[in-house]
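Undergrad: So the chains spell out like this:
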Amino acid sequence: MSQKPFLRIDNIRKRFGPIIASDGVSLEIEEGEIHSLLGENGAGKSVLMSMICGMVRPDEGEIVFKGQSVRFNSPREAIRQRIGMVHQHFMLVPNLTVAENYILGQGSALRVINDMDKVHARIRELSDRYALDVRPDAIIEDLSVGEQQRVEILKVLFHGIDLLILDEPTAVLTPQETDRLLSLMGDLVKDGKTVVFISHKLDEVMRVSNRISVMRDGRVVHTVNVGETNARELARMMVGRDVRMELPRSPEPPGRIVLSVENMTCRAETGLPAVRRVSLDVRAGEIVGIAGVSGNGQTELSLALAGLLPVDSGRVMLNGKDITGLDPARINASSFSHIPEDRHKHGIVVSMSLSENTVLQRYDQKPFASRGMLNRRVIGEHTRDLIKRFRVKSRDENQAIGALSGGNQQKLVVARELARNPDFILVNQLARGIDIGAMEFVMEEMLKQRDSGRAILLISTELEELFAICDRILVMFHGEILGDLPPDRTRLDELGLLMAGQTEQPALAG
Amino acid sequence: MAQVNQGVRETVYPQAAQPLYRTLSQIAISAVTPIAAVLVALACGAALLWLNGFNGSDIVTVMIFGSFQDMRSVGEILLKATPLILIGAGLCVAFRCSIWNIGAEGQLYVGAIAATLVGTNFDGLSVWVHAPLVMLAGALAGAAWAGIAGYLKVRFQASEIVTTIMLNYIALILTSYLVTGPMRDASAAYPQSARLIREAWTPRIVSDMRLHIGILVAIVLAVALYIFLQRSSRGFALRVVGLNPHAARYAGMQVARNVMIAMCISGAMAGLAGAFEVAGVTHRLYQNISPGYGFEGIAVALLAGNNPLAAIVSGGLFATLRSGSEVLQITSQVPQVLVLVIQGIVILSVVAFAKLRDILRIVA
Numbered sequence: 001m002s003q004k005p006f007l008r009i010d011n012i013r014k015r016f017g018p019i020i021a022s023d024g025v026s027l028e029i030e031e032g033e034i035h036s037l038l039g040e041n042g043a044g045k046s047v048l049m050s051m052i053c054g055m056v057r058p059d060e061g062e063i064v065f066k067g068q069s070v071r072f073n074s075p076r077e078a079i080r081q082r083i084g085m086v087h088q089h090f091m092l093v094p095n096l097t098v099a100e101n102y103i104l105g106q107g108s109a110l111r112v113i114n115d116m117d118k119v120h121a122r123i124r125e126l127s128d129r130y131a132l133d134v135r136p137d138a139i140i141e142d143l144s145v146g147e148q149q150r151v152e153i154l155k156v157l158f159h160g161i162d163l164l165i166l167d168e169p170t171a172v173l174t175p176q177e178t179d180r181l182l183s184l185m186g187d188l189v190k191d192g193k194t195v196v197f198i199s200h201k202l203d204e205v206m207r208v209s210n211r212i213s214v215m216r217d218g219r220v221v222h223t224v225n226v227g228e229t230n231a232r233e234l235a236r237m238m239v240g241r242d243v244r245m246e247l248p249r250s251p252e253p254p255g256r257i258v259l260s261v262e263n264m265t266c267r268a269e270t271g272l273p274a275v276r277r278v279s280l281d282v283r284a285g286e287i288v289g290i291a292g293v294s295g296n297g298q299t300e301l302s303l304a305l306a307g308l309l310p311v312d313s314g315r316v317m318l319n320g321k322d323i324t325g326l327d328p329a330r331i332n333a334s335s336f337s338h339i340p341e342d343r344h345k346h347g348i349v350v351s352m353s354l355s356e357n358t359v360l361q362r363y364d365q366k367p368f369a370s371r372g373m374l375n376r377r378v379i380g381e382h383t384r385d386l387i388k389r390f391r392v393k394s395r396d397e398n399q400a401i402g403a404l405s406g407g408n409q410q411k412l413v414v415a416r417e418l419a420r421n422p423d424f425i426l427v428n429q430l431a432r433g434i435d436i437g438a439m440e441f442v443m444e445e446m447l448k449q450r451d452s453g454r455a456i457l458l459i460s461t462e463l464e465e466l467f468a469i470c471d472r473i474l475v476m477f478h479g480e481i482l483g484d485l486p487p488d489r490t491r492l493d494e495l496g497l498l499m500a501g502q503t504e505q506p507a508l509a510g
Numbered sequence: 001m002a003q004v005n006q007g008v009r010e011t012v013y014p015q016a017a018q019p020l021y022r023t024l025s026q027i028a029i030s031a032v033t034p035i036a037a038v039l040v041a042l043a044c045g046a047a048l049l050w051l052n053g054f055n056g057s058d059i060v061t062v063m064i065f066g067s068f069q070d071m072r073s074v075g076e077i078l079l080k081a082t083p084l085i086l087i088g089a090g091l092c093v094a095f096r097c098s099i100w101n102i103g104a105e106g107q108l109y110v111g112a113i114a115a116t117l118v119g120t121n122f123d124g125l126s127v128w129v130h131a132p133l134v135m136l137a138g139a140l141a142g143a144a145w146a147g148i149a150g151y152l153k154v155r156f157q158a159s160e161i162v163t164t165i166m167l168n169y170i171a172l173i174l175t176s177y178l179v180t181g182p183m184r185d186a187s188a189a190y191p192q193s194a195r196l197i198r199e200a201w202t203p204r205i206v207s208d209m210r211l212h213i214g215i216l217v218a219i220v221l222a223v224a225l226y227i228f229l230q231r232s233s234r235g236f237a238l239r240v241v242g243l244n245p246h247a248a249r250y251a252g253m254q255v256a257r258n259v260m261i262a263m264c265i266s267g268a269m270a271g272l273a274g275a276f277e278v279a280g281v282t283h284r285l286y287q288n289i290s291p292g293y294g295f296e297g298i299a300v301a302l303l304a305g306n307n308p309l310a311a312i313v314s315g316g317l318f319a320t321l322r323s324g325s326e327v328l329q330i331t332s333q334v335p336q337v338l339v340l341v342i343q344g345i346v347i348l349s350v351v352a353f354a355k356l357r358d359i360l361r362i363v364a
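If you read the protein sequences in the order shown, they are chains A and B. Taking full-length UniProt numbering, the leading residue of the first sequence gets 1, the next gets one more, and so forth. Taking full-length UniProt numbering, the leading residue of the second sequence gets 1, the next gets one more, and so forth.
Isolated chain A (complex conformation) (with noise of 0.2 Å):
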């Protein structure tokens, strides 16, 4: 290897309010390689990239390109640099076409039109070389997301550029659309440029990569050559970590079935397959974790659990009653309830007060209200008794719940949820946002509820809270249920490795 790196990026750090994102990271690319970046949800990959590319600005650290200590105020900047990033979400406009994009924001908008025909042809000329297969004068809209994600790598190229970071590509693609993206990333090596691959996709880190660095909580914790490690030491890396709680197992056996889904199938909103024939049944008095990377079908699963998104075939049984396809009130009233993933999108009105917030699902029907009219009175009492019995910390039930904090948002969520008197309970990301004190209360209050024989669905990316309180893991990845493992700590890499989509041991050279 050559004695300065191409790029180095020393000790950064950034800061999102309360959020670390990078926590001194240091990371070195070597030109011409094709350097994989692994890491779950949050490890702090697409900000650290972001920096690299002019997005964010670090607040402390240094980036050095080429020898040259570097500091960009925007992506313009960067890719003056010759430094070009392809974002997971494309920054293109719908209704241009892929030329208009390539030249919006470059120099004298005249000037570049007349050159018209000279961009077109150059489009073409890269397309060719790189077999791209991107029409200059197609409308981004008419095209699809493997398509538009093309025409992005290739407004990278267009520009020109030594380095290309690619964040999380492979995430909307289809496996063929795959392949090709990664033996483009070879192509383009052996064109002379440096690729960085942002994913959390074992195997394909391990098909195209020279080195593989892997983060964890804002720092690059291992560095390796891809000849140097296998599949199962990346998954161990990725994941491992101490787990803070170890909460008791229910003493009881699981009981009768409370929840069944058989082979339920769901789009996302994009229209795009989510759920694939997924099955599985919680019992009475069991809490049954989903572990998985985000944007793996979690999201879809559970709005089409709680009648938000139509299912497309499949059933789903609570307490031996098909509620499929059912409306929310419908379901809510099937001793269904629901701590959505998002709180502020679904669970809460945030400029509501907490007497509201409580009775969001109950507003019409008694003791809360009487002959149309709301008892504010009962409905006053009710929220002051969960405040007291969950510890709300908040002024009284009269203030705005957008006033207090993520915990104490959650805490009242998780009331509301469990006052209604459920016998399923669906959890999507239960400590998503909050301290650990709220997160420790409201995972008690979980094995509570359990032990009373409440059936619980846990969806999590996080693994601490599926180890800590789950009496069953089931695995999901790409809209499937791979696996079923008890929250036994020693099988972590098994577990790593389902997330990243391995179903069986990959037989690799250590």
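Simulated from the structure, these hints should not be mistaken for lab results. Among these hints, one or two may not hold up.
Heads up, incomplete: computed chain A residues facing chain B, CB under 7 Å, no partners named [what the hints assert, rightly or not]:
no.: 1; residue: N101
no.: 2; residue: R124
no.: 3; residue: L326
no.: 4; residue: P328
no.: 5; residue: A329
no.: 6; residue: N332
no.: 7; residue: V349
no.: 8; residue: Q361
no.: 9; residue: D364
no.: 10; residue: G372
no.: 11; residue: M373
Cβ coordinates follow ideal geometry from the N, Cα and C atoms, glycine included.
Keeping the supplied structure of chain A fixed, place chain B upon it in accordance with the hints.
TA: Showing chain B alone in chain A's frame:
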């Protein structure tokens, strides 16, 4: 009342009953901001007049006090306030549900047409039957007209801003067609409908003033809508849908039904305002029966912070300014364009202060 700490882990916050104090402070904020908005606007208007060579200081006295000369002029202000309060209070309900009904003007016209149809027919009914029937007809017609836009929204996701504006044109042109064609009073030189039957007229409060009981109806309905929004289950659902439709769906509320209800309530109020214009003021249908009450009603609701109770005050304020600007034109030779500019400044200032009030509410 203060409370001792009950647990070791966390402080129990005092749960004293503060609602009265808090309600009062909210009302104070609601009341002070509109007045401040108008004062700032009038100050700007005064400066504008002064720059144009008029006596700027007159503007405040003329626009606010000029129209309060005697009981009769107060009656005229209340007459103008009637449609503004009705429409403003109705729009509060729609806006609270995040339904941007810009079509109150059209709904007013359709209400006026329906009121005219009922008021010119059914001879021989008593005033106790005929007058309320006219009001009911206006309200139903307005609700139905708004319901078209509501249906297009829930069924085809058509923007109600666009559809209600387009329905305004249809209603206005329909009125023109009717008073120049099928409903025209053949004996009149000017395009207008036949006169309403005496029993269909909205009863006056004092026999020698034009002011009719519509103002009382408007105030009662505004109070009723306030109670509906704040205290009823349905009103609660409307507010949740308006603030967070995702949470509404999660909670099992029927978003489409609530949208239709909010739309129809605001339409009914505008339709009723149209009925009162015909049955209470002109007693005939004309092409230009409304001087833009439907649009001014939007500003009334905005100034009221979408609170129907406050719409009574802000409706009265806008009526006062409307009368005042008429007086200003007559007494001081200020060109009408300048009066329009001043009215525009009032509305801009109202919007700015409405935003300021929302900020204050959060702080309070």
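Undergrad: Hint by hint, note whether the structure agrees.
TA: Now the hints, each set against the structure:
With a cut of 7 Å, the hint placing N101(A) at the interface with chain B is violated, because the nearest CB-to-CB distance is about 27 Å. Below 7 Å, beta-carbon pairs count as interface contacts, and R124(A) has none with chain B, the closest being about 39 Å; its hint is therefore violated. At a threshold of 7 Å, the smallest CB-CB gap from L326(A) to chain B is about 10 Å, leaving the interface hint violated. A least Cβ separation of about 4 Å between P328(A) and chain B falls short of the 7 Å threshold, and the interface hint therefore holds.
The interface hint given for A329(A) is met, as the beta carbon of that residue sits about 3 Å from the closest beta carbon of chain B, less than 7 Å. Because the beta carbon of N332(A) sits about 5 Å from the nearest beta carbon in chain B, less than 7 Å, this interface hint is met. For V349(A), the interface hint holds, since its Cβ comes within 7 Å of a Cβ in chain B; the closest pair sits about 5 Å apart. For Q361(A), the suggested interface contact is upheld, since its CB lies about 5 Å from the closest CB of chain B, less than 7 Å.
For D364(A), the shortest C-beta to C-beta distance to chain B is roughly 4 Å, which falls under 7 Å, so the interface hint holds. The interface hint given for G372(A) holds, since its Cβ lies 6 Å from the closest Cβ of chain B, which is under the 7 Å cut-off. The beta carbon of M373(A) comes within 5 Å of a beta carbon in chain B, closer than 7 Å, and the hint placing it at the interface holds.
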